[in-house]
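Guided by the hints, dock chain F onto chain H, whose structure is given.
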Amino acid sequence: MDEIDMIDQYIDIRGLSFWYRDQPQPAVRNVDLSVSKGEFACIVGPSGCGKSTLLSILSGLFTPQQGTVVVDGKTQFADGHRSDTETSPCGYMFQDARLLPWRTVRQNITVALQAAGHPEDTWEDNVRRHLRMLRLEGYEDAWPLNLSGGQRARVAIARALAIQPAFILMDEPFSTLDEVTGRFLRGELLELWQRTGVTIVFVTHSIREAVYLADHIYLMTAGPGEIFARESVDLARPRRYEDPRLTEIEGRLIDMVLDRWGYFNGGEVV
Amino acid sequence: MLAIEPVLPPAPSGSEGRLVDRVVPSVAAVAAALAVWWPLTFVFDPFLPTPWRVVTSFVDAFTSGDIYEHIAISLRRVLFAWVVSVILGTAIGIWMGRSRLTEAFLSPWVMVGLALPGPVIILFSVLLIGVDESSRLVALTVAVTPFVVNIVHQGVRAVDPGLEEMAKVYRWSRRQWLRELLFPQIAAAIFAAVRFAFAFSWKIVLIVEALTTSEGVGGQLSFFFKLLRPDKVLAWVFTFTLILTLVDQLVFRRIERRIFAWRGEGVE
Numbered sequence: 003m004d005e006i007d008m009i010d011q012y013i014d015i016r017g018l019s020f021w022y023r024d025q026p027q028p029a030v031r032n033v034d035l036s037v038s039k040g041e042f043a044c045i046v047g048p049s050g051c052g053k054s055t056l057l058s059i060l061s062g063l064f065t066p067q068q069g070t071v072v073v074d075g076k077t078q079f080a081d082g083h084r085s086d087t088e089t090s091p092c093g094y095m096f097q098d099a100r101l102l103p104w105r106t107v108r109q110n111i112t113v114a115l116q117a118a119g120h121p122e123d124t125w126e127d128n129v130r131r132h133l134r135m136l137r138l139e140g141y142e143d144a145w146p147l148n149l150s151g152g153q154r155a156r157v158a159i160a161r162a163l164a165i166q167p168a169f170i171l172m173d174e175p176f177s178t179l180d181e182v183t184g185r186f187l188r189g190e191l192l193e194l195w196q197r198t199g200v201t202i203v204f205v206t207h208s209i210r211e212a213v214y215l216a217d218h219i220y221l222m223t224a225g226p227g228e229i230f231a232r233e234s235v236d237l238a239r240p241r242r243y244e245d246p247r248l249t250e251i252e253g254r255l256i257d258m259v260l261d262r263w264g265y266f267n268g269g270e271v272v
Numbered sequence: 348m349l350a351i352e353p354v355l356p357p358a359p360s361g362s363e364g365r366l367v368d369r370v371v372p373s374v375a376a377v378a379a380a381l382a383v384w385w386p387l388t389f390v391f392d393p394f395l396p397t398p399w400r401v402v403t404s405f406v407d408a409f410t411s412g413d414i415y416e417h418i419a420i421s422l423r424r425v426l427f428a429w430v431v432s433v434i435l436g437t438a439i440g441i442w443m444g445r446s447r448l449t450e451a452f453l454s455p456w457v458m459v460g461l462a463l464p465g466p467v468i469i470l471f472s473v474l475l476i477g478v479d480e481s482s483r484l485v486a487l488t489v490a491v492t493p494f495v496v497n498i499v500h501q502g503v504r505a506v507d508p509g510l511e512e513m514a515k516v517y518r519w520s521r522r523q524w525l526r527e528l529l530f531p532q533i534a535a536a537i538f539a540a541v542r543f544a545f546a547f548s549w550k551i552v553l554i555v556e557a558l559t560t561s562e563g564v565g566g567q568l569s570f571f572f573k574l575l576r577p578d579k580v581l582a583w584v585f586t587f588t589l590i591l592t593l594v595d596q597l598v599f600r601r602i603e604r605r606i607f608a609w610r611g612e613g614v615e
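From first to last, the protein sequence lines are chains H and F.
In case it helps, this note's numbering puts the first sequence at residues 3 to 272.
In case it helps, this note's numbering puts the second sequence at residues 348 to 615.
Chain H extracted, bound-state conformation (with noise of 0.2 Å):
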């Protein structure tokens, strides 16, 4: 990986594992990441190899018994110790949107907000911006119980964007939600990407999905997690799931991971 090395990396992982307690084998093990500023990453791997613990430890929840995490040139975790200097939060997108249902999708975004260190009078215009970007505008008031999957998932984004943080974590966000509606939620949060410069690490067990979203994609091993191979995707954006480079490098993709995730499960790979 020594190309890597040579570009200037915002989120830099170097030789982390990480345990959880009472578990004889490490969730996942030696693991090197280099994500540079404004990439799409997403990161594919099969059920339990601990991709939702990377994420855990890039956003600060968990702390690793080993390796350093820097980014934006300031260590966050060195050898076992989290850093004292003070981080702003990232963005983050759950298997599901994570909406308190008992405040509007104002008052949700706006938590977050305060909790970020906006200022209390930039919020309205905020969260107004926002929330038109995810075409969600007259839906300022509404409760989340009484949006559909797609628009609670759009407010999870806006929430993301809206703080605007260091860079933005996302844990299979779509794969609850129906086909159509996921594809176009997927094409959405390109747009937005594109339009806001953010660096996104998306974690998917789909490596079609990988594949239409990225720049780089980071193949991990099954557990103990490892990341094995890191491939670039060169498609122009907007692309399209029917494109035939697309699905080339799809399959070969599936190749590279056959032997390694020891079993196929044809259904997953969609």
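Worth flagging that the hints you see were computed from the coordinates, not collected in a lab.
The structure displayed is predicted, hence computed values, not measured ones.
Ideal placement from N, C-alpha and C gives every residue a C-beta, glycine not left out.
Please note: incorrect hints may appear among the correct ones.
Stated by the list, open to error - In silico DSSO-like links for lysine-lysine, alpha-carbon gap of 27 Å or less: (1) Lys76(H) with Lys515(F); (2) Lys39(H) with Lys76(H); (3) Lys573(F) with Lys550(F); (4) Lys515(F) with Lys39(H).
To be verified - What the simulated footprint calls covered on chain H by chain F, stretch by stretch (three residues with Cβ under 8 Å from a Cβ of chain F suffice, anywhere in the stretch; the number is not a length): (5) 88-98; (6) 113-127.
Claimed, not checked - Just a few of them, taken from the derived set where beta-carbon distance is under 8 Å, the chain F residues facing chain H: (7) Phe471; (8) Gly509; (9) Lys515; (10) Trp519; (11) Leu528; (12) Pro531; (13) Ser561.
Frame of chain H, contents of chain F only:
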């Protein structure tokens, strides 16, 4: 009618139905009760008074004036036990729900508190403190608090771990976590506890008063029981039921609708 069971308040449905649909069953229920009551007064004469005699006793009590004093005395005791047990029980319940150690330590105490019959608590309170107002208040509070603890504890345990994780990732302050996340999730439990504690305090205060004094609604109940005046006893019971129902319908129902507006007509 009054919900005595510690059930969580149901999602208020958008429409309460037509007025007729609510009134007709209530009237039918009262009519049915009278239809059972009246014939029984002949069987149990003179111990079961006729509805009419109860109504006149009821009106008598309210016009003679001293009923207000007794209600005020009972109400004061109820308010004390209610407020103290809700504050104490909520605090302990939240603490138990958030700390494994506290939970392990306090669970047996709560279990005993739940199982202990009201009269036993009253007797021991009187034995230890003596027959005065403080022993009544202590007995009431001790009887009600474990139920509040139990309801709130269950509510805290049901808090959604996914939302907790979200709050951590977005670096919420402790205050935000309390206000935006914990409280709204346990609001239903706390509300159920508040409602239950109020109704339960009333029930227990009657026993406490009946056993230890002639003042207050319970004291009057036992006083008229000893005088073999079942019409008076029933009049007092009606007074008591009326107060409970009014508070439940006028106060708690309204608050409930306000707090849980977000449940709206939610569609999953």
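Unmet hints by their number, sorted upward, for this structure:
7 and 13
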